[in-house]
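A.B. asks: Top to bottom, those sequences are chains A and B. Note that the working numbering numbers the first sequence so that position 202 is 434, with each residue one more than the last. Note that the working numbering numbers the second sequence so that position 201 is 211, with each residue one more than the last.
Read the hints as simulated data drawn from the structure, not as lab findings. Any given hint could turn out to be false.
Pairs of lysine-lysine, PhoX-like flavour, derived with a Cα cap of 25 Å [to be verified]: (1) Lys191/B to Lys207/B; (2) Lys324/A to Lys468/A; (3) Lys137/B to Lys68/B; (4) Lys137/B to Lys19/B; (5) Lys191/B to Lys324/A; (6) Lys309/A to Lys137/B.
As a plain string of letters, each chain reads:
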Amino acid sequence: MKSFSPTFLELVDLSHSYGQRYVLQNINLSVDRGDVFALIGPTGAGKTTLLRITNLLEVPSEGEIYFDGTCIPRSGKQRLEIRRRMSFIHQKPQVFNLNVYDNIACGLRWRGEKKHMIAEKVDHILEMVGLEGYENRNARTLSGGEAQRVALARSLVLEPEVLLLDEPTANLDPLSIVKIEQLISHVARQHNTTMIMATHDMSQGQKLADRIGVLLDGRIVQTGSATDIFHSPQNKEVANFVGMENIIAGAIVTNNDGIATVNVGGNAEGIRIEAVSNCAVGKEVYACIRPEDITLALSRTRSSARNSFQAKVTRVTTLGPLSRVELNCGFRLIALVTKISAEDLNLQVGREVYATFKATGVHIMERKLANDWNS
Amino acid sequence: MEIWDGLTKAIELLMSFDPEVMQIAGRSLSISATACLLASLICLPLASLIHFRQFRGKRALISTIQTLFAMPTVLVGLFVLVLFSRAGPLGLFRILFTPAAMVIGQILLISPLLLGFTISALSGVSKEIVDTATSLGASGFQTIWLVLREARYAVLAAVIMGFARAISEVGCALMVGGNIKGATRVITTAIALEASKGDIALAMALGIILLFLALIINIVLNRLQQR
């Protein structure tokens with residue numbers, strides 16, 4: 233193995249603008265060899281642009297890209313050489329108007345591979361994606377899921393060192409999604425392929441990635457493990473995006489050895505929530521609670537949970553097997569319970585229940601100015 | 011009545027393999043096919059270049075090309091005549107009134123058509139296809155080749171259109187070829203001559219033969235495209 237550098241792919245101070253409008257700002261990102269990195273963020277956050285720049289399809293307005301220790305020039309032949317060590321699966325699978333075999337073989341042909349090697353590799357990859365016997369079918373006649381598998385096969389057959397995926401399962405049916413996700417994690421494990429995957433599906437990021445970066449409005453706001461991102465978001469925008477539906481403004485009134493009391497009532501009497509936090513007394517904060525961390529009962533339960541509030545149901549919506557319950561307990565609280573338990577508790581508008589959650593289930597964020605991103 | 015006469019005469023001429031008619035038809039075919047082939051070799055790469063490169067005046071260039079679709083054949087003939095006449099800048103080649111001059115004239119005539127329609131064929135291929143090819147490691151040339159293949163039906167239509175215009179024109183062939191019997195007489199110039207001599211049936215027959223040729227060419231090219 234040649235000189236081992238810990239960072240395989242690195243974006244440094246990268247910004248990109250179309251005219252006056254910045255789509256990416258101050259991106260600093262490094263991915264180690266073999267890492268699966270998920271880029272999550274809402275549509276329009278700049279995920280696709282970031283992938284396009286990484287794939288050297290576009291030249292960033294500012295900043296540098298380092299690939300395996302080399303700084304990539306802004307033009308010239310070296311870009312093609314480096315691009316040939318990666319592969320990018322675009323969001324909408326664009327199969328060529330050729331048969332499946334030629335679709336998958338084209339990348340190898342462009343690299344000047346021998347004919348018999350191409351045949352061998354294409355056969356192997358067709359089997360891997362479950363498209364044996366499709367060789368002579370025109371790729372344009374395939375279903376969305378099949379076309380996505382051709383697109384995946386076409387990239388995987390190149391055995392890229394870096395695989396870039398843009399919303400690999402957008403617009404696919406649930407069964408196709410499972411197949412594609414299995415393939416991705418298989419490749420990541422078997423071939424130690426470095427991956428950067430853009431997705432707006434947080435659970436997909438959680439399932440497949442070693443590390444997650446949250447891209448909001450062209451900036452990477454937070455990077456970390458799935459647990460970091462989902463349970464300890466760094467600011468309100470991230471919290472909102474990762475499904476922290478309860479973000480309650482308040483202030484720390486006491487703090488005893490890491491057990492903080494937050495007044496969320498707005499006056500001196502107030503309503504108090506206990507949380508595990510080192511935040512100092514007097515700080516203005518947000519108390520964040522994931523809706524699935526709240527339990528509902530008809531009586532005050534005896535449990536280790538420090539927070540229990542009497543609440544009135546204000547709205548119930550059914551989301552497949554789950555029910556989303558809006559409560560008023562002096563402040564607005566949203567809980568997610570199974571549909572069965574919602575029926576057991578006879579949750580209807582006006583019903584009195586107790587909402588309970590643990591102090592460890594409350595994430596405390598300091599309140600800052602909305603545009604202070606570098607928290 | 012003359013239409014009927016023309017039709018029977020055409021069948022007669024075709025069936026009897028009248029040597030003179032065959033020769034004229036063969037000449038028409040070879041001159042126009044050569045012109046179409048050479049024009050394609052020039053125009054397909056050139057159209058790709060225009061399509062893929064960004065440069066100042068690109069829109070104006072495309073508008074100009076499209077305007078030249080309407081170029082009168084006699085104007086092209088006049089241009090070639092001036093260019094290759096004894097005293098002209100290219101007079102030393104002495105190709106005026108030879109099939110070579112006719113091929114050059116037809117190349118000039120159909121090039122705008124081939125360029126314009128190939129550019130619009132390439133525009134029909136989505137930007138995502140181009141990006142996908144680039145992402146899969148295609149070089150610039152490899153990308154152009156792939157996009158031409160993606161647009162093959164529309165590109166072929168452009169080529170067929172170019173051939174059709176070449177084989178059906180008469181103004182340029184007459185001016186730079188001269189309708190010399192046994193040398194530069196092609197179907198269209200022969201039709202003009204026979205019509206002026208009053209042999210309407212023969213003129214009709216020649217016209218039908220020309221359309222028949224066009225039909226065969228179309229069938230052959232369509233077969234090629236389906237492969």
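A.B. asks: It remains to establish, for every hint, whether it holds in the given structure.
C.D. replies: Consistency of the hints with the structure:
Proposed proximity of Lys191/B and Lys207/B is supported: the alpha carbons are some 15 Å apart, at most 25 Å. With a C-alpha separation of about 31 Å, the suggested pair Lys324/A and Lys468/A falls outside the 25 Å cut-off, and the hint is violated. At most 25 Å may separate the alpha-carbon atoms for a hinted pair to count; Lys137/B and Lys68/B meet this at roughly 18 Å. In summary, the hint linking Lys137/B to Lys19/B is not supported, as the alpha carbons are separated by about 53 Å, beyond the 25 Å threshold.
With a CA separation close to 61 Å, the supplied pair Lys191/B and Lys324/A exceeds the 25 Å bound. Proximity of Lys309/A to Lys137/B is assessed by CA-CA distance (about 22 Å); at most 25 Å being required, the pair is judged to hold.
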